[in-house]
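Here's the letter readout for the chains.
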Amino acid sequence: MGRILLVDDDPNVVEGNVVALEASGHTVTTASTTSEARAAIGRETPDLVVLEAMLDGATAGFDLARSLASENPALPLIMLSRIDEHLTSRERDSQDHHDWMPVQRFMDKPVAPEVLAYEVNHLVKVIH
Amino acid sequence: MGSLIVFLVAFPILAGGVLLGVRNGNLRNAIVVLAGLVVAGASIATAVTFGNGNAVFFDLPNGLTLGRSLLAAEIAIAAFVVVVSIQNRRILAPILVLGQLATSLYLELAGKMPEVEPGRLFWFDRLSVVMVLIIGIVGTLICVHSLGYMRGFHRSSPMIKGRRTIFFALLFVFLGAMFGLVVSNYLPLMQVFWEITTICSFLLIGYTRTKETTGYAFDALNMNMLGGLGFSIAILMLTGQPDGLDLAKLTAGPATAALMPALALLCLAGLTKAAQMPFSSWLLGAMYAPSPTSALLHSSTMVKAGVFLLLRLSPAIAGSNLGMLVAFTGMLTFLFVSLVGVTEQNTKKVLAYSTIGSLGLIVGCAGLGSPELIWAGVMIIIFHALAKGLLFLVVGTIENRFYTKDMENFDALLSRLPKVSVLALTGIAGMFIAPFGIVVAKWTAIRAFLDIPGWQGAALLVIMAFGSSLTIFYWGKLLIKVLAMRPVTEHERTIEKRVSRFEWLAEITLALGVIVVTCFLGVISEQVVGPYALATFPDTSQSFLHVDPVMLATMVVALLFLPALALWAARHERYDLADFYAAGRPVTSGGVMGMALGGSRTVSLRNYYLEGVVNGRLAFRAGSIVCGSLLVALVATGMVAR
Chain Y
1 MGRILLVDDD
11 PNVVEGNVVA
21 LEASGHTVTT
31 ASTTSEARAA
41 IGRETPDLVV
51 LEAMLDGATA
61 GFDLARSLAS
71 ENPALPLIML
81 SRIDEHLTSR
91 ERDSQDHHDW
101 MPVQRFMDKP
111 VAPEVLAYEV
121 NHLVKVIH
Chain Z
1 MGSLIVFLVA
11 FPILAGGVLL
21 GVRNGNLRNA
31 IVVLAGLVVA
41 GASIATAVTF
51 GNGNAVFFDL
61 PNGLTLGRSL
71 LAAEIAIAAF
81 VVVVSIQNRR
91 ILAPILVLGQ
101 LATSLYLELA
111 GKMPEVEPGR
121 LFWFDRLSVV
131 MVLIIGIVGT
141 LICVHSLGYM
151 RGFHRSSPMI
161 KGRRTIFFAL
171 LFVFLGAMFG
181 LVVSNYLPLM
191 QVFWEITTIC
201 SFLLIGYTRT
211 KETTGYAFDA
221 LNMNMLGGLG
231 FSIAILMLTG
241 QPDGLDLAKL
251 TAGPATAALM
261 PALALLCLAG
271 LTKAAQMPFS
281 SWLLGAMYAP
291 SPTSALLHSS
301 TMVKAGVFLL
311 LRLSPAIAGS
321 NLGMLVAFTG
331 MLTFLFVSLV
341 GVTEQNTKKV
351 LAYSTIGSLG
361 LIVGCAGLGS
371 PELIWAGVMI
381 IIFHALAKGL
391 LFLVVGTIEN
401 RFYTKDMENF
411 DALLSRLPKV
421 SVLALTGIAG
431 MFIAPFGIVV
441 AKWTAIRAFL
451 DIPGWQGAAL
461 LVIMAFGSSL
471 TIFYWGKLLI
481 KVLAMRPVTE
491 HERTIEKRVS
501 RFEWLAEITL
511 ALGVIVVTCF
521 LGVISEQVVG
531 PYALATFPDT
541 SQSFLHVDPV
551 MLATMVVALL
561 FLPALALWAA
571 RHERYDLADF
581 YAAGRPVTSG
591 GVMGMALGGS
601 RTVSLRNYYL
611 EGVVNGRLAF
621 RAGSIVCGSL
631 LVALVATGMV
641 AR
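In the order they appear, the protein sequences are chains Y and Z. In this text, residue positions in the first sequence follow the numbering used here: the first is 1, and each later residue adds one. In this text, residue positions in the second sequence follow the numbering used here: the first is 1, and each later residue adds one.
The shape of chain Y in the complex, shown without the other chains:
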């Protein structure tokens, strides 16, 4: 299937997701910071990137997503995030317009690993 880059600093989340994605036949590379992620992409462009919004101790995931989207618009991105906990409902409500984040899917954690695998399979199939 596809080469997936998983960017998350929570080892428990990474472990579950790697198992589920590998079980679906993907090759998974992991990174826990934005610089690691950039280095991994520099070595080999993945087919899809799954990333957390809260990286490097702040919301660096948003910036990473924006720059990846502008550098490589064809690269599908899925964002898994715990940012929800830090938002008021008004702030959350404002995140519902087109292109508020340049990602294919934005999902508040917890996301079941099988659900992530399903979304990844779907997007990878679309590319191929």
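What the hints contain is simulated information worked out from the structure, not anything from laboratory work. Check before you lean on any hint, since a few could be wrong.
Unchecked claim - Keeping only pairs whose Cα atoms sit at most 25 Å apart, straight-line, the calculated DMTMM-like set for lysine to aspartate or glutamate is:
#1 Z/Lys161 x Y/Glu44
#2 Z/Lys161 x Y/Glu71
#3 Y/Lys125 x Z/Glu490
#4 Y/Lys109 x Y/Glu15
#5 Z/Lys161 x Y/Asp99
#6 Y/Lys125 x Z/Asp548
To be verified - Cβ pair distances, simulated, as ranges:
#7 Z/Arg493 x Y/Ser35: 55 to 61 Å
#8 Y/Asp56 x Z/Ser281: 20 to 26 Å
#9 Z/Asn346 x Y/Ala39: 36 to 42 Å
#10 Y/Asp93 x Z/Val557: 45 to 51 Å
#11 Z/Leu27 x Y/Glu36: 44 to 50 Å
#12 Z/Ile625 x Y/Glu36: 52 to 58 Å
#13 Y/His122 x Z/Lys419: 27 to 33 Å
#14 Y/Asp56 x Z/Lys419: 35 to 41 Å
#15 Z/Phe466 x Y/Glu36: 55 to 61 Å
#16 Z/Ile508 x Y/Asp93: 42 to 48 Å
#17 Y/Thr59 x Z/Ile433: 28 to 34 Å
As the list claims (entries may be wrong) - Partial list, derived from the structure: chain Z residues whose beta carbon lies under 10 Å from chain Y:
#18 Glu108
#19 Met150
#20 Ile160
#21 Ser629
Yeah, the Cβ is synthetic: ideal placement off N, Cα and C, and Gly gets one too.
Following the hints, complete the assembly by docking chain Z onto the known chain Y.
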């Protein structure tokens, strides 16, 4: 009455027009809620004005006439379909729609279209009351729910271009058209509303405008347009008959042989709209539309237009071969889709199969036609609209939190979303547990099947028994998923707080609706459904279910005690919850186990999708072939009868 009906049709369409220009989210919320309140209020006012009276017929108020407006509407619909089809390189839909337009143009230009008899444009009776209340109240709640749902929908899929102005406009235009459909007596008028609902459905299924959803939208359009063409040809045939286009007169009693071909084509239109086999696939594709659309169009109202027409036709076709073929098409559809539903893991599709099955039961009741069966059919319409509408909304809410429709991921809902799970429980109970209306209706239908002489009665009884047991299987499965518990993290507990107030408002009101309507089942039976059934099939010996509301309320409360207890248990964990034990090397929780030679697998201790036992796809195909053959026989019978 005339002014109220015109208001019911025109106001939602106007509100839809206004919403088309509203881009501000808060303003849209306010307009949708206010317009919804007006629509619901007007539908209640119409029902109250009507009282318990007999059928009334009336025209447009203030001497207004239709003029050429129906033809204009048909030309507009045809033009729209042709343009969209050319844009998407589709061929079938334009052929079907131009066929429809050609018959209308021919009738109009050749001067063969009979004028409406004064005072008989609209027909309002107890069945209209039921439908108007469902459309007004359930419809409004679903529109309000959409305000919350669509927010979550777009937040999680930021690349999908927001077309919420069109989305809400379509919902309201649809409500207006639906009101018009259920009060029309003049068939060409009904057909125009019929086509508008088809177009709304097409646009809503294709909301995201991806290749996939556009394909499903065209599937739905093609099949509904095929039914629409049947409708048009039926009208063409009926123009040659005295009072042929007056639905009430047409269906006042058993039809003559000369009317059979046209009636067969009208039945075909009803069967396509109600997604009966072999036309069921469009409703499954329609599940790719946003969930409130599935709740409103593809469960509570639009698909009911198909069975509404068949119930209307019932007195004309009952007792004929045509009626029997219609009944068997519906009942066999019920049996086959119930079987396929057992093998399905996508919850929305399970709900869709169950919807097709319930509609099949109503089709069965309408085809056979007797006071008891009409009673059962209308009761299923009422309870299905409430319970299934609720379930689709609940699944939408869950989908927006868990990002999945897979039943396996709905596990332990009671621990994760306790309040939502109680709402789900109410909806599921409403579909298959006594004393909720659908079970009572099924019981009544079984009693009526016993009175049918010959092998047909026995066959219908067997179909009902096997079909119903299969539905119990999938509802039970879903119930277990919803009621299961497991340990949850603190973070998981916060998920339910993200459910918007619009979603809560709609879902709680609908759940209360299921309960209240059940408590008043006896009253509804005596005041509305029973008299309607007896007016349709006069039979003085018939008496209808008389149930003490207190007894029903007691049964409902007893049933609700269970979820209340479950909710309490979910809040106060007085015991340890643990994952199941499996001897092996667990990789993560949830039964993912390492294998001896590397890799991992999710351990599963269940096969309640009957994998390897029932081939869902094969069963679906078999059902389509069987019902398709019946359909050919149905149309042929109509022609031969002539």
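We went through each hint and held it up to the structure:
1. Z/Lys161 x Y/Glu44: Violated, at about 31 Å.
2. Z/Lys161 x Y/Glu71: Judged against 25 Å, a Cα distance of about 21 Å means the pair holds.
3. Y/Lys125 x Z/Glu490: At roughly 35 Å apart (the allowed maximum being 25 Å), Z/Glu490 and Y/Lys125 break the hint.
4. Y/Lys109 x Y/Glu15: 15 Å, holds
5. Z/Lys161 x Y/Asp99: Holds, at roughly 8 Å.
6. Y/Lys125 x Z/Asp548: 58 Å, violated
7. Z/Arg493 x Y/Ser35: 55 to 61 Å: Check failed, 34 Å falls outside 55 to 61 Å.
8. Y/Asp56 x Z/Ser281: 20 to 26 Å: The hint (20 to 26 Å, Cβ to Cβ) is violated, given that Y/Asp56 and Z/Ser281 are roughly 49 Å apart.
9. Z/Asn346 x Y/Ala39: 36 to 42 Å: Holds: the Cβ-Cβ distance is about 39 Å, inside 36 to 42 Å.
10. Y/Asp93 x Z/Val557: 45 to 51 Å: 37 Å, violated
11. Z/Leu27 x Y/Glu36: 44 to 50 Å: 45 Å, holds
12. Z/Ile625 x Y/Glu36: 52 to 58 Å: 57 Å, holds
13. Y/His122 x Z/Lys419: 27 to 33 Å: Cβ of Y/His122 to Cβ of Z/Lys419: about 30 Å, so the range 27 to 33 Å holds.
14. Y/Asp56 x Z/Lys419: 35 to 41 Å: Given a distance of about 37 Å, which is inside 35 to 41 Å, the answer is holds.
15. Z/Phe466 x Y/Glu36: 55 to 61 Å: 59 Å, holds
16. Z/Ile508 x Y/Asp93: 42 to 48 Å: 21 Å, violated
17. Y/Thr59 x Z/Ile433: 28 to 34 Å: 48 Å, violated
18. Glu108: 44 Å, violated
19. Met150: Constraint on Z/Met150 satisfied, holds at 8 Å.
20. Ile160: 7 Å, holds
21. Ser629: 36 Å, violated
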